[in-house]
Amino acid sequence: MSETVFAQQWLGKATSSRARFLGYLTAVAVIVTLPLVFNDTYWRTNLTVCAINVLLAIGLDFILGYAGQLNLGHSAFYGLGAYVSTLLIVKLAVPFWLAFVAGVAFAGLAGTFLSLFAVRLRGHYLAIASLGFAVIVHQILLNWISLTQGPLGIYGIAPPPALVVDGTVIADFRNLTAFFYLVAGFALLSFLLLSQLVRSPVGETLTAIREDEVSAASLGINAAAWKVFAFGVGSAIAGAAGCFYASFVGTLVPDAFFITEAFNILAMVIVGGMGTLIGPVFGAVLLTILPEVLRGLGDLRLVVYGAALTFVVLFIPGGMAQAANAVGERLWRRRSA
Amino acid sequence: MTRTLRTLCTSVAAIGLLTIGAVAQAQDKTIKIGALFPMSGPGSYFGTQDKQGVELALEQINQTGVNGYKFAVHYEDSACSPLPATQAAKRLIEQFKPDVIIGEECSDATLAVMPIVEQAKVPLLNAGSSSIKITQPGNPWTFRIMPNEVMQGINLAENAYRRMNARRAVLLFENTNAGIGNAQVFKENFTRLGGKVLAEIGFGRDVNDFTAIATRVAGLGEVDVIPTYTLEGQGLKITQALAQAGVTKGGGGNAIQIGTIWLPFGFEQKAGKAALGYIRIVQFDPTDARPVARNFVSAFKAKYNTEPTHLNAHAYDQIMLIADVVKRGGKDPETIREGLAATKNYSGVTGSVEFDKNNQNVKMDTIHYMETKPDMSWVSLKWN
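From first to last, the protein sequence lines stand for chains A and B. Under the numbering used here, residues 1 to 337 are what the first sequence spells out, in order. Under the numbering used here, residues 1 to 384 are what the second sequence spells out, in order.
Bound-form chain B, shown alone (with noise of 0.2 Å):
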């Protein structure tokens, strides 16, 4: 009896040490994500809103984990430039050791970080950055969601020549990759369609003033579209001296400005009138009536009580998306890239997701267009 007991004992306290073990390795497989963001210098708005879309989605996630998995942050400021993203990048792998990376948002940083994780061999998750060199030709360990420059570009040409009968227009650009590459992709794919280009017109982001490039706008006859490519700031001026030389529709005129994504949500009430029929491209549509987004724009809502803007919906896609890749069996940097890239029709709050063979996504419903209204309201145009 006295043995039967000592052996029942010996037994209980074995499973329930194997028990406490199992919990404590159930408790420990955490899927560490490092995030490369512009938190300092003039992208740090960037960085903010990211954070704000990444610790929401972590919140939620980590209510109930994902097989077993729990999910930690990590951030870095990578600033927006090659050199202090090199320097985050190699911090992140070497200290913190994440199983995926998201971020940069500037492509410059980008582009300097990739070749970092292609050596690492760690995935790069990538939402923010336009340029079409970091999918083409890319590497294999590199991701983006967001449509790049290209698809962007010729969706926002053949909209502006098919839907809006354009085919007189001037591009303004600031002078970085990302804007010479919008504009360039733009005027190749409306000239081939028929189209003209009156003037191309580039300019430096220290430009605070845009009277006389309004002026030579207005000079230049019959304008029916103006793509526009530049930050919310050099935005704002621009839409209010071509209003004020009479060019767009803000300002009794018939041109009308249209953009890729540049500009944030609540350019219009800061614009006024100025940005009267002003269309264009944005990555999140907050009217969007798919569960997955409602139930973001509520989520958000209530933790921050604002509007989510695309950079946050950004920022939880891409978490979301890690969630998804490790409920279908990723686990380490390795299984989680070939997650990524076996990823179909994943529906995210900013549109579907589904990777080229050079990880680009290719579903164009994560382009998705808005008109602003003469209250500076805006309507989606549900043009894809």
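Chain A extracted, bound-state conformation (with noise of 0.2 Å):
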């Protein structure tokens, strides 16, 4: 039997409707127990971060590694999603979950509008186009002082409401664990829908639409269509993750949506392994966990991150997902043997 049979088999079992259960149950448990591993502010405070560089890397992969958009201004629908729900917090005074449905829609409407006219694109082209959307709206966000404060930055800016039943507070998300457990919670949701969305007839169009347009065009798939669709989730699920993190630091200031940004999250979703879902979520952790690992390091930190990510690209380049396949299927060659 080949070995391409062997993947395959290896492959099927994993992604079996029952290892996928049991996956989701050990993802529940991950989630519950880890803020009870690291008790102190300083990880809950990285485990809240790694939850929302998540939501954005499966965003991102979802438009890139399934609909084949090469979208480098993801950073600018997590600044919408921040900007629009702390404004409308801040200035109108609407209550935080309304805030941040309207934050998610207003970054997924972006995505709309800009796949709308980037629809045509592709490659290099739409990276272009997308990078000087991100840039467009980092100037935004800088120079419109009067809607944004610009520079000056909004500071003090509140968590989520608690969590109150019958006068009870079930959770109150001034505490670093119930924030985790809602980032978190919201994480594994959106994992689930992309999760169903890919392996429905949906990821199966986006699938055909980025390995051969033209063929796919010509089985009567609507191309712009879908790629539009793919653009409008990515971009929501990066709202929400924008709304999450104003809420989370308390500090919004323009820079922290800058292109470099774009950037970081790009470098998650192809260390993780592009199209996989499972790999971004690896590559969101792995890369917000090893800058801190590394502080013992001092000032040799940066470094030794830059070289381990090069590191990854040069020798794994189908990511996390890739190496983990990889030693799956030897695992079952020798299992087999």
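Calculated directly from the structure, the hints in this document are not laboratory data. This list has only true hints and no planted wrong ones.
Footprint (simulated), chain A over chain B, 3 or more residues, beta carbon under 8 Å: (1) 80-86; (2) 90-104; (3) 107-116.
Model, not experiment: these values are computed from the prediction. Note that the Cβ used here is the ideal one computed from N, Cα and C, for glycine as well.
Hey, can you piece these two chains together into the complex? The hints should help.
Have a look at this one:
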């Protein structure tokens, strides 16, 4: 039996519905356990940042890894979600969850709007267009001072209101553990949604467009509409990450959404494994935690971090997901032998 | 006799053990200082220079200790940005458990860290962030040595109007928290005195060519002063562009560039003739004749073989002020906070320190003016 068939068998087993169910159960258990293991505010902060970055990475992976759209402007949707929700709360006293929905919707609509124009572009051209969009959004956030406060920043942003049922506080989001559960729970739900989408005919359609748009069109697929859809969904998830970011950090300045952030998110997707959904989750966790773990190295920290990234891209071009598959395949072969 | 000898031996042994214990305890007495400095990214030059000042101060105070205490510093890279600063502050507080924290340099990062130190009840001693929001309203755990943007702006506007007889100004500033804040304070106070602001020109940190801006300024007619708020890289290009456009003294014009604390020493040499007549506030005057300043300059030169900058001096002052508080009885976060708040007329390298009810240093002798001379050297104007 060829290696490919072995791999397909292994992957087939791994992605069976039972395995998926077990996977989700494990994810829930991990999310519940993590703040209990890492019980100081520093590590709980890092866990929450991980969860925010997971949202960003899976959103971008849906656009890039499944629909094949080279989007270098993901930081723009992240920033739009953060600013729209915060401005609604601060200036119009809109309740948090209503502002959250508005922030997500605005970011999703912005993604849809961008892709309506950029849908005819591919590869480098789309990359430049999306990068340009990110620059424009950053400049608006920076220079529309009367609305956004620009570089003067918005400070003292409150966390989401406590969850109260019958006068009893179920979750107070000033507490880091509760906040982590909120963001990680939302990230898990988003993952579930995207996972269902990519395994449905929608995912197959997007993959077909990614692989060969002309052939997909010959089968009657409206590639433009599906690309707009992917952009809309991915950017809405980035908007949600932005809403959580603002209420978590409590401070909002435009530079948090500069184009370098878009490249950080892209690195999470590539290091994790583009087009695998689970890969970017691990990519986001690794690239959030690694710089923190390396703090002990002092000035060498970012040198080691950069070297680690280069190593992954050079020797594991398919990212962590590819490495995990290779290990799984080897284990399967050994078990069968 | 045997019994007496045994008692004596036991007593000697007990005293010896107690002494060893006491010595060990004295050596264990350490004031832990957490340092939040930008050590990566565009602001990393802050962190590098801050570290030099801190290391020099530590070397000096740890020779003898203060009240039986030694001092230890743990650095964290806060990257001049809110989220990394938040992560660094939490790591510092959780893992190092400092008695006091110094830093950050950038206002955005300091403002993000302030609620964290307040919650942890650890005093934060800041020297480099100018935003007024840090001390107004501020919080009981955050102290600032340097004069804020309002103090500097009012002083600069008054000196421009009264000492330089300036009546027409053009404001050049980077679009950042500090840039906009500084420019607005100057404008309010200069116009209040009777001066006129002909134009307010803001620009992003990504602008590299200032020819268009300089040409616009040249087209505004007679200009007396050009308050400029930007970091060194852009500052050099602005100064050269204004001289090339014939606006400033360095290019044969009449206008004089002025500014608050933004540019390091050595700016004049890099800018060349274009910097002629530039008057700016510095937070450290290396010609200061006070012994504390002279000793610092000579010790710094001996250790690093170079002239100290205001960043070196600020960091040095932060550690020395903490040592002074420990000398006055500070030993943990709460007593150090109380000691800082009670500071009166502390004489540091950059000037005096005395905090108001918002924990802002109110002493104006930390504001030093200097003017660039034709040979690119500069003189201290002794305006405060």
